[in-house]
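Novice: The residues making up each chain are set out below.
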Amino acid sequence: MVSKLKIILSFSITAAALVILFLFAVNTGSLKVTPIELLKGLFVSYNENVATIFDLRFPRIFIAILGGAATAVSGVLLQAVMKNPLADPGIIGVSSGASLTAVLITAFVPALYYFTPLFAFLGGMLAFILVYSLSWKGGLSPVRIILVGVAIEAMLSGIMSAFNSGTGSNYSGVASIVNANISMKTWDDFFTLLWYVLAGLIASFFAAGACNLLSLEDKTARSLGVNVTGSRIIISIIGVLLASISTAIIGPISFLGLIVPHIARLLVGSNHKLLIPYSILLGAFTLLLADTLGRTIASPYEISASIIMAIVGGPFFIILLRRSKQKYAG
Amino acid sequence: MQDNIFTIKDLSFSYGKQKVLDRLTLTLREGTITTLIGANGCGKSTLFHLMTKNLKTDSGEIFLRDKNIADMKLKEFAKQVAIVHQYNTAPMDISVEKLVAYGRTPYHTIGLSPDAKQDEEKVNWAMEITDTLKHKHKAVSQLSGGQKQRVWIAMALAQDTKILFLDEPTTYLDIRYQIQILKLIRQLNQEYNLTILMVLHDINQSLYYSDEIIAMKDGKIIAQGLPENIITPELVKSIFDVELNISTENGKPFILPI
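Chains as they are written, first to last, in our numbering: chain A, 1 to 330; chain B, 1 to 258.
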């Protein structure tokens, strides 16, 4: 069991690390300001450097924070629904379903651009339902979900890349979703993301108790008066919403929804009332770290956060897959 | 004369084309321990799952007192009937106390408790009676098989119901724990007047610890009553298709299973 001290330390250290990383990320790039200049520039008097940073760097930093939190919590929720610690919105095709619809809307019906997140949500939901029903054979086997998910994911992202190449990568909006590029994001993108993510995260707090009960056998949960199917549907919707919205703005990020909940479980335990808030912090930290590293490693060139996540996440996923038998006890 | 607490009328159920229960009729009396016995595949598990709302009937009705359970919400049912299933899993790191507290779920609305003090009292009582209070801060996964089973029973008791169903509560346990569990069930019946229905594999334990035996074969009930009244070599032969001798132990029938 996880001690109270470990939980408190985990929360406070991660929160502190996020603040430090934020300050570092603000200062990463060609313009540099001291924290005091930054605070003065933001709240006291106009400073040209700070204003530039505010318009260019702040949106992407906040978008990375929101996207990381949303993707991580989405992972927690989908794992609870599927009783599968390997479920990840990126791996099982939810993100590619969402980004494919986002791509199609951006390319063909740009008038609906404002509603892209909603369409992305529909696409993510479709992909999720497809994976869920195709892997159902009198029950859900964890490995079957992953196999079916990988196949759906490969197909959807294939269609998306084909579309991008076939149009000569001429739609910059499309390319930025396909490549999960968050470098050109604006405050508008941030606010679009903010409301949906906020709604999803608040809903996930209310779903935490139901997630806990789903970790029991279905029959046992039902004997406690829980409508198991109904809970699954609601939690799935929240999980898919969070992953799809984030995908619509920043593109698909693989493995984040897998790695963060896993580390979070080791640090704060499997109680979703702690796991969800902690995954918000750690998810925000992780994606911001990946984005900031991507900006630093090969400066002045940028490596996108999704590529960093894929490189780090792949081996991590294999380790988890090999250890997955030991998750639950009777 | 005790009241009938469960009444089943003309219950039928099929898996696809295979008929598992065939117009079965049955009553359970309040305050008794009733045990379902029968060979593998006789329909006793199906009957158990129909009575616990895990399956839906094809035809026929099941009444809890005078209410058709098909019309009861799961939550309402969970406040009246607690169920210990045969196979259970819990997260690795959940503590005994937290798990037993899940038993209060039927009384909560969107995860919030209207009466936290009562929750705590019931949870403590459930842990005390099952002798798991001393483990309350331990992880359930660290406990032995018998202790774990007592924790699952404690969770059911925290539901604060007058009816307790148990599906093969002694399976997977060695003989010492089997007897502990059965004695606990007897105690719950005698001291707290719980009406208990269980499915047991061991015929002698069924005969010894039950007030009433329901013997099933091919989806029908072939005998119901006091163990000493109904158990005969012919009935045993009919249920299990083996010829066994019956003797008496402490005034209760005893089958030599060799």
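Rather than coming from a laboratory, the hints here were simulated on the basis of the structure.
Ideal Cβ placement from N, Cα and C applies to all residues, glycine included.
A few of these clues could be false.
Claimed, not checked - Heads up, simulated PhoX-like pairs for lysine-lysine below, C-alpha to C-alpha not over 25 Å straight-line:
(1) A/K219 with B/K122
(2) A/K219 with B/K67
(3) A/K273 with B/K67
(4) A/K6 with B/K134
(5) A/K219 with A/K273
(6) B/K252 with A/K219
To be verified - Coverage of chain A stretches by chain B, computed from C-beta distances (three or more under 8 Å per stretch; other residues unrestricted):
(7) 205-216
(8) 264-276
(9) 303-313
Novice: If a hint holds in the structure, say so; if it doesn't, say that too.
Specialist: How the hints compare with the structure:
no.: 1; hint: A/K219 with B/K122; result: holds (22 Å)
no.: 2; hint: A/K219 with B/K67; result: holds (22 Å)
no.: 3; hint: A/K273 with B/K67; result: violated (36 Å)
no.: 4; hint: A/K6 with B/K134; result: holds (24 Å)
no.: 5; hint: A/K219 with A/K273; result: holds (22 Å)
no.: 6; hint: B/K252 with A/K219; result: violated (34 Å)
no.: 7; hint: 205-216; result: holds (count 8)
no.: 8; hint: 264-276; result: holds (count 3)
no.: 9; hint: 303-313; result: violated (count 0)
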